[in-house]
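Respectively, the protein sequence lines represent chains F and B. Going by the working numbering, the residue at position 92 of the first sequence is 92; the numbering climbs one at a time, nothing skipped. Going by the working numbering, the residue at position 88 of the second sequence is 88; the numbering climbs one at a time, nothing skipped.
I should point out that these hints are in silico values taken from the structure, not numbers from a laboratory. The model shown is predicted, which means the values in this text are computed figures rather than measured ones. You may find that some hints are simply not true.
No distinction is drawn between identical chains; accordingly, a pair holds when it is met within one copy or between any pair of copies.
Straight-line C-alpha distance at most 25 Å; calculated DSS-like pairs for lysine-lysine [to be verified]: (1) Lys39 <-> Lys120; (2) Lys39 <-> Lys320; (3) Lys54 <-> Lys120; (4) Lys320 <-> Lys19; (5) Lys54 <-> Lys19; (6) Lys120 <-> Lys19; (7) Lys39 <-> Lys19; (8) Lys54 <-> Lys320.
2 protein chains.
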Amino acid sequence: MNPSVQAISGSLIREIAAKRTATSIDLGLGEPSLPPSMKYLLAALRATERQGLKYTLNAGDLELRAAIGAHYGYPGLDSAESVCVMTGSQEGVYVTIKTLLDPARDELLLVEPAFPAYLKMSRLEGVTARTVAMSEVDDFAFDAQRILAAVSDRTRLIVVCSPCNPTARVITRAVVDEIGDALLRRAGQPVYVLHDEIYREQTYVEGAGHFGATYAHTIVTNSLSKSNALTGLRLGWTLAPRPIADALVKTHAWVTSCASTFAQRVALAIFETPGALQEHAAWYREQSSAILGLLGASGLRYVAPEGAFYVCVALPQGLKSLQAAHELADRFDVIAIPGIAFGDCFEGWLRLSWVAPIDQVREGVSRIAEFCAAAATPAPTI
Amino acid sequence: MNPSVQAISGSLIREIAAKRTATSIDLGLGEPSLPPSMKYLLAALRATERQGLKYTLNAGDLELRAAIGAHYGYPGLDSAESVCVMTGSQEGVYVTIKTLLDPARDELLLVEPAFPAYLKMSRLEGVTARTVAMSEVDDFAFDAQRILAAVSDRTRLIVVCSPCNPTARVITRAVVDEIGDALLRRAGQPVYVLHDEIYREQTYVEGAGHFGATYAHTIVTNSLSKSNALTGLRLGWTLAPRPIADALVKTHAWVTSCASTFAQRVALAIFETPGALQEHAAWYREQSSAILGLLGASGLRYVAPEGAFYVCVALPQGLKSLQAAHELADRFDVIAIPGIAFGDCFEGWLRLSWVAPIDQVREGVSRIAEFCAAAATPAPTI
Numbered sequence: 001m002n003p004s005v006q007a008i009s010g011s012l013i014r015e016i017a018a019k020r021t022a023t024s025i026d027l028g029l030g031e032p033s034l035p036p037s038m039k040y041l042l043a044a045l046r047a048t049e050r051q052g053l054k055y056t057l058n059a060g061d062l063e064l065r066a067a068i069g070a071h072y073g074y075p076g077l078d079s080a081e082s083v084c085v086m087t088g089s090q091e092g093v094y095v096t097i098k099t100l101l102d103p104a105r106d107e108l109l110l111v112e113p114a115f116p117a118y119l120k121m122s123r124l125e126g127v128t129a130r131t132v133a134m135s136e137v138d139d140f141a142f143d144a145q146r147i148l149a150a151v152s153d154r155t156r157l158i159v160v161c162s163p164c165n166p167t168a169r170v171i172t173r174a175v176v177d178e179i180g181d182a183l184l185r186r187a188g189q190p191v192y193v194l195h196d197e198i199y200r201e202q203t204y205v206e207g208a209g210h211f212g213a214t215y216a217h218t219i220v221t222n223s224l225s226k227s228n229a230l231t232g233l234r235l236g237w238t239l240a241p242r243p244i245a246d247a248l249v250k251t252h253a254w255v256t257s258c259a260s261t262f263a264q265r266v267a268l269a270i271f272e273t274p275g276a277l278q279e280h281a282a283w284y285r286e287q288s289s290a291i292l293g294l295l296g297a298s299g300l301r302y303v304a305p306e307g308a309f310y311v312c313v314a315l316p317q318g319l320k321s322l323q324a325a326h327e328l329a330d331r332f333d334v335i336a337i338p339g340i341a342f343g344d345c346f347e348g349w350l351r352l353s354w355v356a357p358i359d360q361v362r363e364g365v366s367r368i369a370e371f372c373a374a375a376a377t378p379a380p381t382i
Numbered sequence: 001m002n003p004s005v006q007a008i009s010g011s012l013i014r015e016i017a018a019k020r021t022a023t024s025i026d027l028g029l030g031e032p033s034l035p036p037s038m039k040y041l042l043a044a045l046r047a048t049e050r051q052g053l054k055y056t057l058n059a060g061d062l063e064l065r066a067a068i069g070a071h072y073g074y075p076g077l078d079s080a081e082s083v084c085v086m087t088g089s090q091e092g093v094y095v096t097i098k099t100l101l102d103p104a105r106d107e108l109l110l111v112e113p114a115f116p117a118y119l120k121m122s123r124l125e126g127v128t129a130r131t132v133a134m135s136e137v138d139d140f141a142f143d144a145q146r147i148l149a150a151v152s153d154r155t156r157l158i159v160v161c162s163p164c165n166p167t168a169r170v171i172t173r174a175v176v177d178e179i180g181d182a183l184l185r186r187a188g189q190p191v192y193v194l195h196d197e198i199y200r201e202q203t204y205v206e207g208a209g210h211f212g213a214t215y216a217h218t219i220v221t222n223s224l225s226k227s228n229a230l231t232g233l234r235l236g237w238t239l240a241p242r243p244i245a246d247a248l249v250k251t252h253a254w255v256t257s258c259a260s261t262f263a264q265r266v267a268l269a270i271f272e273t274p275g276a277l278q279e280h281a282a283w284y285r286e287q288s289s290a291i292l293g294l295l296g297a298s299g300l301r302y303v304a305p306e307g308a309f310y311v312c313v314a315l316p317q318g319l320k321s322l323q324a325a326h327e328l329a330d331r332f333d334v335i336a337i338p339g340i341a342f343g344d345c346f347e348g349w350l351r352l353s354w355v356a357p358i359d360q361v362r363e364g365v366s367r368i369a370e371f372c373a374a375a376a377t378p379a380p381t382i
């Protein structure tokens with residue numbers, strides 16, 4: 001067997017998520033709990049009645065690609081030719097890492113805390129990944145100086161997920177510009193930024209930065225999974241400058257051939273409907289306010305969510321996050337994701353999702369506060 | 001960029017298919033022209049109304065996997081745990097090649113003429129692929145002795161596509177057993193066979209062999225694309241013995257996460273409906289008989305189709321297939337795929353698909369016969 005496959009460890013997120021029982025309060029979920037709008041699926045069904053369900057071009061349906069490119073309007077990434085429709089943004093990220101990096105020479109730079117898939121994919125491809133940790137003191141805010149200081153002559157791609165899974169922090173325009181300007185001043189081959197925008201429609205602060213808007217060497221990945229509660233549709237895309245875009249299509253063609261034609265029709269119906277990408281945004285905004293209220297009253301240390309649907313809370317000093325997550329599952333029937341899954345710098349933290357009904361989130365936070373209070377108090381010496 | 005991506009050449013099939021005009025007779029198509037049954041899509045839509053569209057397990061929905069495993073009933077490949085649901089059989093083949101072979105050591109053996117994706121995928125993964133040519137004299141029948149003679153100490157996987165794209169030949173049980181028995185007698189690590197069964201429901205002869213039925217080291221890939229005219233659904237699967245199956249799921253999880261939940265519901269509706277996989281089989285059988293009649297009257301040399309929906313015809317001695325395909329497109333408005341796309345041993349042949357209405361196929365064959373007759377006659381010397 002391929003030793004790169006064998007060497008990849010299992011998912012800590014799934015290890016904990018597997019402890020879920022019928023009664024569990026599940027704050028581990030990484031997917032929306034809202035139902036999707038059926039009207040877009042019905043539109044796709046009607047189109048399928050008329051036209052069957054044949055392959056599209058490898059890169060995806062031309063009309064959809066034009067609509068996606070135009071919707072975001074990032075300079076140089078706004079034409080159909082810059083768009084490749086993918087089987088979820090997961091395939092988009094995978095194909096980007098595989099295509100852009102020469103395993104013999106190039107390195108990936110991950111801004112941590114980071115979604116673990118980036119590191120696993122780079123290992124699968126034999127690509128060296130370096131990490132740069134954002135600062136706990138600064139509540140893991142995106143820090144241009146830290147990121148830039150970690151860029152080496154071998155760095156060809158920096159992965160930034162904003163709004164961030166797990167921290168729920170959002171990169172600002174100022175930080176995007178500081179990074180972009182500095183990278184442009186570097187001599188030699190361009191350093192690309194992969195901006196994973198999957199939580200773009202869940203942004204609760206002003207001044208969010210988008211690399212695609214100002215930095216020429218940007219590749220964007222996104223999908224309908226989080227914006228429209230369509231994780232199971234597996235429909236995402238990459239935006240990339242040419243000729244990178246053409247190379248992504250080539251790799252994608254051999255990995256999965258083309259994205260689902262049915263899913264592409266759902267996506268076209270969404271992109272043709274003004275406001276459809278934001279149809280759940282108000283609910284997330286309200287829920288995020290409620291969460292802030294809950295956490296303020298909990299006594300827990302937390303990072304205020306600026307986007308996505310997570311909130312991260314600090315464990316008492318010295319408590320390991322994996323052990324804490326197991327104890328919370330076993331003794332408190334609460335599922336929470338250990339910070340160590342997102343990098344060493346996130347040890348001592350838990351990622352909670354707050355897509356469950358607010359009463360459940362409240363009860364979950366209350367049990368975690370109870371657990372933390374007990375853990376912080378030394379057991380009495382008898 | 002990754003040099004393995006850059007080194008892969010474009011698709012000859014797409015180069016010719018791109019010449020299609022509004023008036024073309026298209027015998028290049030590799031997908032069914034029948035409409036799919038809407039009832040399975042409606043069943044999936046109703047389930048989505050009730051349950052939304054969330055992720056499934058990486059390996060796929062447990063009920064679907066159990067149904068797939070049980071349907072084929074291959075010993076050791078018949079439980080849910082041996083099945084991984086994929087984004088089309090394309091991802092199934094890709095993940096199998098990526099997972100099973102160590103690029104530093106292992107080799108793939110391709111039985112040619114072969115669908116070009118296998119070779120492209122192995123190049124993408126840096127895996128050495130060797131090829132073994134079936135004999136033109138024998139109408140490219142699967143030949144156990146030729147295949148076995150090509151197995152080296154480094155061969156870890158043999159790819160067999162039967163019914164075959166492009167030759168439309170079907171491997172027999174006797175040949176499967178001869179290969180399987182000989183491979184079992186070899187010392188050392190097992191040699192796996194990847195049996196690509198995508199045209200399984202288009203089989204027109206008795207005695208078809210299936211490696212999964214008798215050879216323990218088999219991985220099967222298949223999908224709903226050809227059986228149910230659902231190429232655009234992107235729903236396929238692998239069947240593999242454990243622990244190979246577990247490793248395939250691991251790779252698949254990082255490449256695409258999971259197959260479309262909607263597509264999996266369509267598949268479940270199909271596997272729960274007796275005979276649904278064969279719903280188009282009678283049409284293909286009738287069409288294949290009609291094709292045999294056409295070709296017999298055409299004066300062309302051809303390989304009688306035993307399966308799939310192709311027929312291969314020989315060009316006049318010395319005529320290159322790529323040049324012939326271009327001339328047919330440019331001067332006769334007929335799209336046919338050059339044999340060279342499927343390996344050197346298939347130079348001098350064309351692959352025709354016969355999923356178009358029979359009158360169109362008749363006209364296309366007639367024009368090809370005219371072209372071949374003209375090409376075979378030396379121009380008069382003035």
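Structure-based check of each hint:
1. Lys39 <-> Lys120: neither (36 Å within a copy, 39 Å between copies)
2. Lys39 <-> Lys320: The answer is neither: 46 Å in one copy and 52 Å across copies each exceed 25 Å.
3. Lys54 <-> Lys120: between (33 Å within a copy, 23 Å between copies)
4. Lys320 <-> Lys19: within (18 Å within a copy, 62 Å between copies)
5. Lys54 <-> Lys19: between (40 Å within a copy, 19 Å between copies)
6. Lys120 <-> Lys19: within (23 Å within a copy, 41 Å between copies)
7. Lys39 <-> Lys19: Close neither inside one copy (35 Å) nor across copies (37 Å); limit 25 Å.
8. Lys54 <-> Lys320: neither (51 Å within a copy, 31 Å between copies)
When held up to the earlier numbered hints, the structure conflicts with 1, 2, 7, 8 and fits the remainder.
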